[in-house]
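Trainee: From just these sequences and the hints, can you work out the full model?
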Amino acid sequence: MKRIRVTEVVIEGVDLLDRVRKCEARDNEVVKAVEEMKQARVKMLRDEEWCQEDGLMLKEEKVYVPKNKNLRVKVI
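So that you can map any letter, position 37 of the sequence shown is 37 in our numbering, and since no number is skipped, the others follow by simple counting.
These are computed hints drawn from the structure, not numbers from a lab.
None of the values given here were measured: they were computed from a predicted structure.
Some hints here could point you the wrong way.
Below 25 Å or equal to it, Euclidean Cα-Cα: the simulated DMTMM-like pairs (lysine to aspartate or glutamate) are [to be verified]: (1) LYS43 / ASP18; (2) LYS74 / GLU53; (3) LYS67 / GLU36; (4) LYS74 / GLU61; (5) LYS62 / GLU49; (6) LYS43 / GLU24; (7) LYS74 / GLU36; (8) LYS69 / ASP54; (9) LYS22 / GLU36; (10) LYS62 / GLU24; (11) LYS67 / ASP54; (12) LYS22 / GLU49; (13) LYS67 / GLU49; (14) LYS62 / ASP27; (15) LYS67 / GLU35; (16) LYS74 / ASP15; (17) LYS69 / ASP15; (18) LYS22 / GLU53.
Using C-beta positions, here's what the derived DEER-type ranges look like [stated by the list, open to error]: (19) ASN28 / LEU56: 10 to 20 Å; (20) GLN39 / LYS59: 32 to 42 Å; (21) GLU53 / LYS32: 11 to 21 Å; (22) ARG72 / VAL34: 11 to 21 Å.
Just so it is clear, CB atoms sit at the ideal spot from N, CA and C, and this is done for glycine as well.
Mentor: Below is the structure:
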C-alpha cells in the first residue's frame, strides 16, 4: 500500500484540511465509496482510486473537497 503524505494547509488562520475533515457535505460517489470501505474494513478501494487517510478522503491521490460552496471557494 502506497502511503500518501498530506500536509496541513493554513490560510488566514483557517486550517483548510481540518475544515475538509469536518465538512458533512458529501456527494453520492463519496458516500458510496466510504460505505464500501467500511463494509470491507479497508482504507483503500478500487485499486487505489479511493483512499482514506488521516481523516481525509483521497481520490487518485488528491484530497477530495466536499460539495460545500464556501469551503470550495476558500480552497480556491
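Trainee: Would you mind marking each hint as holding or not holding in the structure?
Mentor: Outcome of the hint check:
1. LYS43 / ASP18: The given pair, whose Cα atoms are some 19 Å apart, holds under the 25 Å limit.
2. LYS74 / GLU53: The hint holds at about 22 Å.
3. LYS67 / GLU36: holds (20 Å)
4. LYS74 / GLU61: Holds. LYS74 to GLU61 sits at ~21 Å (cutoff 25 Å).
5. LYS62 / GLU49: Holds: LYS62 and GLU49 sit about 10 Å apart, inside 25 Å.
6. LYS43 / GLU24: holds (19 Å)
7. LYS74 / GLU36: Distance ~30 Å between LYS74 and GLU36 Cα, so the pair is violated.
8. LYS69 / ASP54: Judged against 25 Å, a Cα distance of about 23 Å means the pair holds.
9. LYS22 / GLU36: Answer holds: LYS22 to GLU36 is near 20 Å, not above 25 Å.
10. LYS62 / GLU24: Holds, at about 19 Å.
11. LYS67 / ASP54: Given that 25 Å is the threshold and the Cα spacing comes to 19 Å, the pair holds.
12. LYS22 / GLU49: With a Cα-Cα distance of about 22 Å, the restraint between LYS22 and GLU49 holds, given a limit of 25 Å.
13. LYS67 / GLU49: The given pair, whose Cα atoms are some 19 Å apart, holds under the 25 Å limit.
14. LYS62 / ASP27: Given pair LYS62, ASP27 holds - Cα atoms ~16 Å apart, limit 25 Å.
15. LYS67 / GLU35: It holds: about 18 Å lies between the C-alpha atoms, which stays within 25 Å.
16. LYS74 / ASP15: holds (10 Å)
17. LYS69 / ASP15: Answer holds: LYS69 to ASP15 is near 17 Å, not above 25 Å.
18. LYS22 / GLU53: Within the cut-off at roughly 14 Å; holds.
19. ASN28 / LEU56: 10 to 20 Å: holds (19 Å)
20. GLN39 / LYS59: 32 to 42 Å: violated (19 Å)
21. GLU53 / LYS32: 11 to 21 Å: The hint (11 to 21 Å, Cβ to Cβ) holds, given that GLU53 and LYS32 are roughly 18 Å apart.
22. ARG72 / VAL34: 11 to 21 Å: holds (19 Å)
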